[in-house]
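> Construct the entire structure; sequences and hints are all you get.
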Amino acid sequence: MSFLRQLIVYLCAVSIHWWWTFHWAVHGVSPNIVLVSAMCVSALCNPFTGHAFSFMAGLYLDMLGTSLFGGYALTFTMTAYAIQWFKRHMDVVSPFSQSTMAWTMSVAGILFYQIVALVFLHKLAWRGWGVFIFEPLLNALITPPVFIVFRTLRKKS
Amino acid sequence: MNKEKRLANFALLVFSGLSVLCLILPVSPFVHRMRVILSYGFYPILDYGETFDYYLRGVPRNFAMMLQADQENRALRQQIKDAQIAGAQAEAQAEENRRLRQIIGAGQALPWKGMWARVVEREPAHWYNSFLIDKGASDRVYLNAAVLGVESGRVGLIGRITEVFSKNSKVLLITDELSSVACYVRNKEWEGLAEGQRTDYLKLNYMPLEADLAAGAELLTSPSSSVFPAGISIGRIASFYPKESFMTFLSAKVLPTVRPDAVKEVFILETAVPAGALVPAGARRPAIPGGGPGTREDQAAEDDDEGGGQ
Numbered sequence: 001m002s003f004l005r006q007l008i009v010y011l012c013a014v015s016i017h018w019w020w021t022f023h024w025a026v027h028g029v030s031p032n033i034v035l036v037s038a039m040c041v042s043a044l045c046n047p048f049t050g051h052a053f054s055f056m057a058g059l060y061l062d063m064l065g066t067s068l069f070g071g072y073a074l075t076f077t078m079t080a081y082a083i084q085w086f087k088r089h090m091d092v093v094s095p096f097s098q099s100t101m102a103w104t105m106s107v108a109g110i111l112f113y114q115i116v117a118l119v120f121l122h123k124l125a126w127r128g129w130g131v132f133i134f135e136p137l138l139n140a141l142i143t144p145p146v147f148i149v150f151r152t153l154r155k156k157s
Numbered sequence: 158m159n160k161e162k163r164l165a166n167f168a169l170l171v172f173s174g175l176s177v178l179c180l181i182l183p184v185s186p187f188v189h190r191m192r193v194i195l196s197y198g199f200y201p202i203l204d205y206g207e208t209f210d211y212y213l214r215g216v217p218r219n220f221a222m223m224l225q226a227d228q229e230n231r232a233l234r235q236q237i238k239d240a241q242i243a244g245a246q247a248e249a250q251a252e253e254n255r256r257l258r259q260i261i262g263a264g265q266a267l268p269w270k271g272m273w274a275r276v277v278e279r280e281p282a283h284w285y286n287s288f289l290i291d292k293g294a295s296d297r298v299y300l301n302a303a304v305l306g307v308e309s310g311r312v313g314l315i316g317r318i319t320e321v322f323s324k325n326s327k328v329l330l331i332t333d334e335l336s337s338v339a340c341y342v343r344n345k346e347w348e349g350l351a352e353g354q355r356t357d358y359l360k361l362n363y364m365p366l367e368a369d370l371a372a373g374a375e376l377l378t379s380p381s382s383s384v385f386p387a388g389i390s391i392g393r394i395a396s397f398y399p400k401e402s403f404m405t406f407l408s409a410k411v412l413p414t415v416r417p418d419a420v421k422e423v424f425i426l427e428t429a430v431p432a433g434a435l436v437p438a439g440a441r442r443p444a445i446p447g448g449g450p451g452t453r454e455d456q457a458a459e460d461d462d463e464g465g466g467q
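For the record, the sequence lines run as chains W and G.
When the first sequence is numbered by the numbering used here, its final residue is 157 and no position is left out of the sequence of numbers.
When the second sequence is numbered by the numbering used here, its final residue is 467 and no position is left out of the sequence of numbers.
Worth flagging that the hints you see were computed from the coordinates, not collected in a lab.
Computed from a predicted structure; not experimentally measured.
You may find that some hints are simply not true.
[Stated by the list, open to error] Okay, the calculated bits of chain G under chain W, using three or more residues with CB under 8 Å as the criterion: (1) 165 to 172; (2) 184 to 197.
[To be verified] Here are some chain W residues the structure puts well away from chain G; computed CB gaps all over 10 Å: (3) Ile8; (4) His27; (5) Val29; (6) Leu74; (7) Met78; (8) Arg88; (9) Val93; (10) Trp103; (11) Val116; (12) Leu138.
[As the list claims (entries may be wrong)] Listed below are the simulated BS3-like cross-link pairs for lysine-lysine, each with C-alpha atoms no more than 27 Å apart in a straight line: (13) W/Lys87 / G/Lys324; (14) W/Lys155 / G/Lys160; (15) W/Lys156 / G/Lys324; (16) G/Lys345 / W/Lys155.
Even glycine gets a Cβ: it sits at the ideal position worked out from N, Cα and C.
Following this line, the structure appears as structure tokens:
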């Protein structure tokens with residue numbers, strides 16, 4: 001994907017994420033579209049593009065927060081690295097493996113963010129058990145269709 | 158593959174380093190300020206109340222004061238709008254007060270008993286024909302009761318009640334084509350018939366050819382009318398229709414004393430009720446053309462029917 005196309009995809013992803021969380025969140029739970037987009041880009045593009053997209057996606061979520069600027073950027077960067085590792089060792093083409101990967105990365109991401117919060121804020125940034133249980137499931141559900149969208153975009157470019 | 162792995166490691170180092178830098182450096186307050194500025198620029202929500210101070214935490218004092226000034230400015234603009242609306246309402250109420258005081262003053266001077274009613278509905282299609290008032294059979298409004306209006310301190314005939322409902326009544330205006338009022342010229346003995354034309358003016362007919370009339374002469378309801386009490390002002394002669402050789406009477410254009418379309422309140426006279434005109438509450442009776450049998454208005458209507466009008 002060209003830089004301009006990546007930028008447009010990034011803006012679309014953050015816009016959809018904002019719109020969904022603003023309108024459709026149920027008790028604060030909604031799929032993390034920014035994370036799913038970052039995972040898809042990491043799985044489909046080269047490592048640098050994947051890391052850059054993930055870093056920027058994390059930075060966007062950090063912008064929405066107030067206290068731990070850089071926490072999501074670091075978490076998503078780690079996620080991108082993990083996706084690169086997954087890509088080298090297992091299949092990320094079938095919907096089931098994509099969903100599994102998304103669920104694992106979401107849970108790991110939430111836990112990693114807590115560690116970052118403990119280190120830099122000396123307290124947890126816990127958003128509740130509802131988020132911890134349901135957000136990874138929702139991410140796992142939406143990952144295959146989002147993956148198809150990103151793969152189609154990549155093919156067209 | 159090794160190259161990709163190296164690239165992944167390099168990217169991890171670069172972006173992890175950047176992330177940690179963001180975490181270590183005190184950029185959170187700066188980010189918060191930028192976010193407040195941007196979000197307020199795009200979507201300045203009013204009335205934060207107590208949360209406004211929390212919203213502005215960490216924002217430079219000058220900028221916070223600017224936002225507060227903007228909030229005050231918006232609130233004051235809203236207050237100005239509200240005050241303008243309240244002023245307009247007060248003005249309308251003062252005007253209504255003035256009008257009501259005027260008609261109460263005029264009403265007290267009336268020699269007849271009656272009740273005041275408000276005009277509640279006018280249909281554009283029947284602008285010169287009729288309107289509805291807010292008094293009905295439950296208020297002891299009777300069929301054919303005379304209805305007066307007040308305009309600029311002048312009291313004049315408006316029409317009569319032709320339909321009575323439980324809470325409302327219909328007033329047939331003197332400007333309706335079917336309406337005719339027996340009248341005479343003030344201080345003269347000649348009598349005629351003022352008929353509606355569905356315009357602002359009435360038409361005066363049946364005045365003797367020898368009648369010495371001038372423009373501006375006032376017409377009053379005739380004592381020969383069984384519907385209207387005598388002496389109510391109807392209007393003034395505005396002009397005369399040209400005399401023709403075949404005409405057996407004079408015709409004139411009459412400007413009503415009170416324009417029926419200008420009144421908002423009317424005075425319903427408590428006149429002697431013709432037998433059979435009493436209507437029980439909630440009942441509706443058809444109009445009696447001309448107000449009753451044997452009146453001069455009926456005779457004129459019959460003449461019109463037979464002769465095809467004048």
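> All hints are to be evaluated individually against the structure, with a verdict given for each.
A quick look at each hint next to the structure:
no.	hint	in the structure
1	165 to 172	holds (count 6)
2	184 to 197	holds (count 5)
3	Ile8	20 Å, holds
4	His27	21 Å, holds
5	Val29	23 Å, holds
6	Leu74	4 Å, violated
7	Met78	7 Å, violated
8	Arg88	7 Å, violated
9	Val93	17 Å, holds
10	Trp103	22 Å, holds
11	Val116	7 Å, violated
12	Leu138	25 Å, holds
13	W/Lys87 / G/Lys324	83 Å, violated
14	W/Lys155 / G/Lys160	23 Å, holds
15	W/Lys156 / G/Lys324	75 Å, violated
16	G/Lys345 / W/Lys155	104 Å, violated
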